[in-house]
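**Q** Please model the complete structure; the sequences and the hints are all you need to start from.
Chains as they are written, first to last, in numbering that gives the first Met the number 0: chain A, 0 to 327; chain B, 0 to 498.
Hints may be right or wrong, so weigh each one.
No farther apart than 25 Å at their CA atoms in a straight line, the calculated lysine to any residue pairs in the SDA-like style are these [as the list claims (entries may be wrong)]: (1) B/K4 - A/Y230; (2) A/K268 - A/V315; (3) A/K26 - B/P486; (4) A/K268 - A/F23; (5) A/K5 - B/I72; (6) B/K12 - A/Q120; (7) B/K67 - A/T93; (8) A/K89 - B/Y70; (9) B/K257 - A/K26; (10) B/K12 - A/E186; (11) A/K89 - A/Y230; (12) A/K208 - B/K28; (13) A/K103 - B/K3; (14) A/K268 - A/A199; (15) B/K12 - A/F101; (16) A/K5 - B/G215; (17) B/K151 - B/M468; (18) B/K12 - A/E92; (19) B/K8 - A/R13.
Just so you know, these hints were derived from the structure itself, not from any lab.
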Amino acid sequence: MTIEIKTSTMKPIRNTYAHIERRFGDKPATRYQEATYDVHSTHNFHYKPLWDQDREINDPARTAVVMGDWYDLKDPRQFYYGPYVQNRSKMQETAEGNFKFFEKRGLGDSIDSSLREKIIQLVIPMRHAEVAANLNNMYGTAHGTGTAVTQALIFEAMDRFGNAQYFSKIGLALDGNTGDSLATAKEHWMSNPAWQGVRAYCEKTLTIKDWFEAFIAQDIVLDTLINDLYYRQFDEWLTQNNGRDLLLLMEFMQDRAKDSQRWSDSVLKVVVTESEHNSNQVLAWISTWRIRAQEALEPLASALLGDKALADAFAVLEKRLTKVGLNC
Amino acid sequence: MSPKKLNLKDKYKLLTRDLDWEFSYEDRKEAFPYEEFEGIKITDWDKWEDPFRLTMESYWKYQAEKEKKLYAIYDAFAQNNGQTNVTDARYVNAIKLFLTGVSPGEHAAHLGFAFTGRQMGGIGARVAAQMQSIDELRHIQTQIHAMSHYNKFFDGFDEFNHMHDRLWYLSVPKSFFEDARTAGPFEFMIAIGFSFEYVLTNLLFVPFMSGAAYNGDMATVTFGFSAQSDEARHMTLGLEIIKFILEQHEDNLPIVQKWLDKWLWRGYRLLTLVAMMMDYMLPQKVMSWQEAWELYFEDAGGSLFKDLERYGIKMPDYTETIKQEKEHLSHQAWWIFYQYTHAAAFHTWTPTAEEMDWLSEKYPDTFDKYYRPRWELAAEMEAKGERFYTTGLPQLCQTCQIPMAFTEMSDPTQVSYRESIYNDERFHFCSDPCKSIFDNEPEKYVHAWLPVHQILQGNCGGGGLDKVMEYYHLDDGVANLEFEGSPDAERWKEWKGVA
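**A** Following this line, the structure appears as structure tokens:
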């Protein structure tokens, strides 16, 4: 049995904004479409940026990649601001519950000291690497073209800042909120040989001028490897080495990485499918950054998981690239 | 061992401030290359006082809650044909002005704060700017959605972003934000973070939202309430940034003072649109422009500048001019749009007899003397079927880009002109401050995309007015011209059952 309330319907004079109608036809639009398409200003710029006098303030030439329509880079998750914060709010609720449970049951006390030390040495310093990820994605927001990709980039940037805070919270969960573990972790980040490659890689990415190259170096090359090392291989390692309780604290990062990869896969695929020029350019970047990543991650991966781990992670990167049509 | 309780400050320090590190492998200047060229000296980013110590998890939580409520209201508004509940169809023109003129500025601000949120060297300031950046994205998107329903029932909304890049009067807000974004990161923070957000929000955001509240516009006013706590955070950031820069080094003072002089004037000129909206476009008025200016700038801004005096900051010396202009501004602005409304994406009208009486009461020294006779003549002509439009093209001010129709305050019948010669070329200005802004950075302002120059050079569709209208995507007789007799007005009568 259904009931139906009578409402007065008024016939609209149009279904949506004109630029949305030009793209998708004369029909009601989704909120994602109205919030996203053609929002970037494209014409009749007034002044030359004092910090980049050869280009316009919004300029597709800030990357070597060329797109006929930058709005082809739509987000398969259809995130605009509202769905983004609501989705992450749900995820953080779960994470908050996990952290509370961990604390309430004193799970930190049951972690033996060598594992605790390993976490502080080899996991918590990720909080700094996540800051580089935050900045690289923010760079794309500031300099990229088309709200479809620039909004997704700021969501990624804020996520990564969130990750940096979650890694820090793991430290606090282990040190009884004194912050000692964070100070120790920072020393490792600054001088432990296991981290210096990654730190050098991060610092290097922050000097990249081309925003899409920054996306490749960060979100594709480094993140694929890190995600595999930390959220798959180390996850398994923890399961097998009495560290299951810690998985509770890593769940947010793991779920988020999966969610984010759906988006970055799609961006990569659309860009390289667009033209040979693009796929050649992207390949050139990947070949440089994967060499750097190899060097950077070797000591960390071996310390964390043993000698074979990085090769396994590279196989995952290979597979990911092949899937979007990039054969390296 | 039970874990130590962390207070907000310690927590924020551990979860944010401590995340940055000293570079060893690259030159930090390569990663943050724009920190020095403006001449601002930052000696210690650690002195940054975080204005709001939000963690990402709290940000997601609070904002998600606000979004959920906001969109529930938008849905209810659409379902119940909320557009029929506004005071009068004339009101809707105020929010057309908002969507075409203000909302794209939110997006520009989003990009500008993304730039500073990437480029500033201190993580505390960066994160605050990043949060403002994503807030501004929220604002453009929630505004597009708030107006989406109006767009289905009124003209003048549907081409908002095409128009923002092209339409003559929209170059006023467009050039304002581009001026800020093309500046360095610190000037942007003073321009938008402090001058605009802190000093002028109450004169832009608040009048539109109060206008919505007074005129039955539930969608817009709900957006306003929802954005209020974001705005409060932005204002706090604005105040922190100016204090921080001034406390860092005494050499920063003259630079900041020059930026303040520039940006308060740029912002004030932009508010011309708000002045006329408040005095002429709202069927149910909130307060007069003059009252708003006195309340929010002279009183509130006055005490703010007192507070900044200890750093050596002075109130810009043109505030006397503004004081005089406040009795004229809205009348002169509405007259510009009244006569050029055939090339605008909203309707204009002559104030009703009642509205004129309200204006006389609010502007006892100027309205009856200078402006009432003009409106009475306009009404008379319209009654005879000779509604007045101007066909010529106005000259625009090189800096603020508003048509040169403002008058000398010493003689309100005499249009004010200023000029400068730069590289053997003559440039025109509406006022002394606009001239001096140009004179300080002529190499920047010669690049202004002045709509009238562009029309005359054939860059806006070429040919005559009809071609320009095509270039604007402005269909004659739909979104433009006099309100009476417009399709909007006719539909409204139909809804209300008025013959």
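**Q** Check the structure against each numbered hint from earlier and tell me which ones fail, lowest number first.
**A** 1, 9, 14 and 19
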